[in-house]
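Sequences are here, hints too, so could you generate the full structure?
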Amino acid sequence: MIGGPKTPVFGVTGWKNSGKTTLVTKIVEELTRRGYRVSTIKHAHHAFDIDKEGADSYRHRQAGASEVAIVSGHRWALMHELRGEEEPALADVIARLSPCDIVIIEGYKREDHPKIEARRLDARNREPLSAKDPHIVAIAADFPLEGETLPGFSLDDSAAIADFIILHTRLPRRDAAE
1 MIGGPKTPVF GVTGWKNSGK TTLVTKIVEE LTRRGYRVST IKHAHHAFDI DKEGADSYRH
61 RQAGASEVAI VSGHRWALMH ELRGEEEPAL ADVIARLSPC DIVIIEGYKR EDHPKIEARR
121 LDARNREPLS AKDPHIVAIA ADFPLEGETL PGFSLDDSAA IADFIILHTR LPRRDAAE
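Residue numbers (the numbering used here): 1 to 178.
Derived by calculation from the structure, the hints in this document are not laboratory data. Incorrect hints may have been included.
[Unchecked claim] Across the chosen pairs, the derived CB separations fall in these ranges:
{"hint": "1", "residue 1": "V71", "residue 2": "P172", "range": "29 to 39 Å"}
{"hint": "2", "residue 1": "L145", "residue 2": "V71", "range": "16 to 26 Å"}
{"hint": "3", "residue 1": "D156", "residue 2": "P88", "range": "26 to 36 Å"}
{"hint": "4", "residue 1": "L82", "residue 2": "E53", "range": "12 to 22 Å"}
{"hint": "5", "residue 1": "R37", "residue 2": "E146", "range": "32 to 42 Å"}
[Stated by the list, open to error] List of simulated lysine-lysine pairs, DSBU-like, C-alpha gap at most 35 Å:
{"hint": "6", "residue 1": "K52", "residue 2": "K109"}
{"hint": "7", "residue 1": "K16", "residue 2": "K52"}
{"hint": "8", "residue 1": "K26", "residue 2": "K132"}
{"hint": "9", "residue 1": "K42", "residue 2": "K52"}
{"hint": "10", "residue 1": "K42", "residue 2": "K16"}
{"hint": "11", "residue 1": "K6", "residue 2": "K26"}
{"hint": "12", "residue 1": "K109", "residue 2": "K6"}
{"hint": "13", "residue 1": "K16", "residue 2": "K132"}
Backbone N, C-alpha and C define an ideal beta-carbon position, used for all residues, glycine too.
If you want it as structure tokens, here you go:
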């Protein structure tokens, strides 16, 4: 298992409603099925809260705690309040993750990690991001790609996309039995 700053990172980018979340889910399922330990990071452009108003952990945050960990026998979560701080850099968020084999990132269009661009026919009128982003190394679409120089995949072909990611990031081949 890999951990720390050398953990391979691969992103999924695209316009709103292009299929990013569905593609990330399929990639994670496929890589996990093959025996890889996968972490994900999702960038949100809007305010969000994973806590419930009135919950004890919510009240801790409202009282001024800068970080609140909530732990059970099934999972744990750490909530960090920025309270006027800048949004952390992607590298800083990656550094806080537990050791894993690969980090799959949804969003972060402007970052310089390798990415696959998700495209849907419904959003075909949007300018392809790959035209201006040299870090996009492949495209996954639900329609035939014409005149495209980058490798292209069907949005539904998670096995081929996972193969591409493994090759591109130089992940060691792994058998699900390991």
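Against the structure, the hints:
1. Between V71 and P172 the Cβ separation comes to about 32 Å, which falls inside the hinted range of 29 to 39 Å.
2. For the pair L145 and V71, the beta carbons lie near 46 Å from each other, so the given range of 16 to 26 Å is not met.
3. Taking 26 to 36 Å as the suggested C-beta distance range, the pair D156 and P88 conforms, at roughly 34 Å.
4. One distance hint, 12 to 22 Å for the beta-carbon pair L82 and E53, holds here, with the actual separation near 19 Å.
5. Between R37 and E146 the beta carbon distance is about 38 Å. The supplied range of 32 to 42 Å therefore holds.
6. Proposed proximity of K52 and K109 is supported: the alpha carbons are some 30 Å apart, at most 35 Å.
7. At roughly 27 Å between alpha-carbon atoms, K16 and K52 fall within 35 Å of each other, so this suggested pair holds.
8. Taking the CA atoms of K26 and K132, the gap is near 26 Å; set against the 35 Å cutoff, the hint holds.
9. Our distance criterion of 35 Å between C-alpha atoms is met by K42 and K52, whose separation comes to about 20 Å.
10. Between K42 and K16, the direct Cα distance comes to roughly 13 Å. Compliance with the 35 Å bound is thereby established for this hinted pair.
11. In summary, the hint linking K6 to K26 is supported, as the alpha carbons are separated by about 24 Å, within the 35 Å threshold.
12. This hinted pair checks out: K109 and K6 have alpha carbons roughly 21 Å apart, not beyond 35 Å.
13. Pair hint K16 plus K132 holds up; C-alpha atoms about 17 Å apart against a cutoff of 35 Å.
Checked against the numbered hints listed earlier, the structure breaks hint 2 alone; every other hint is satisfied.
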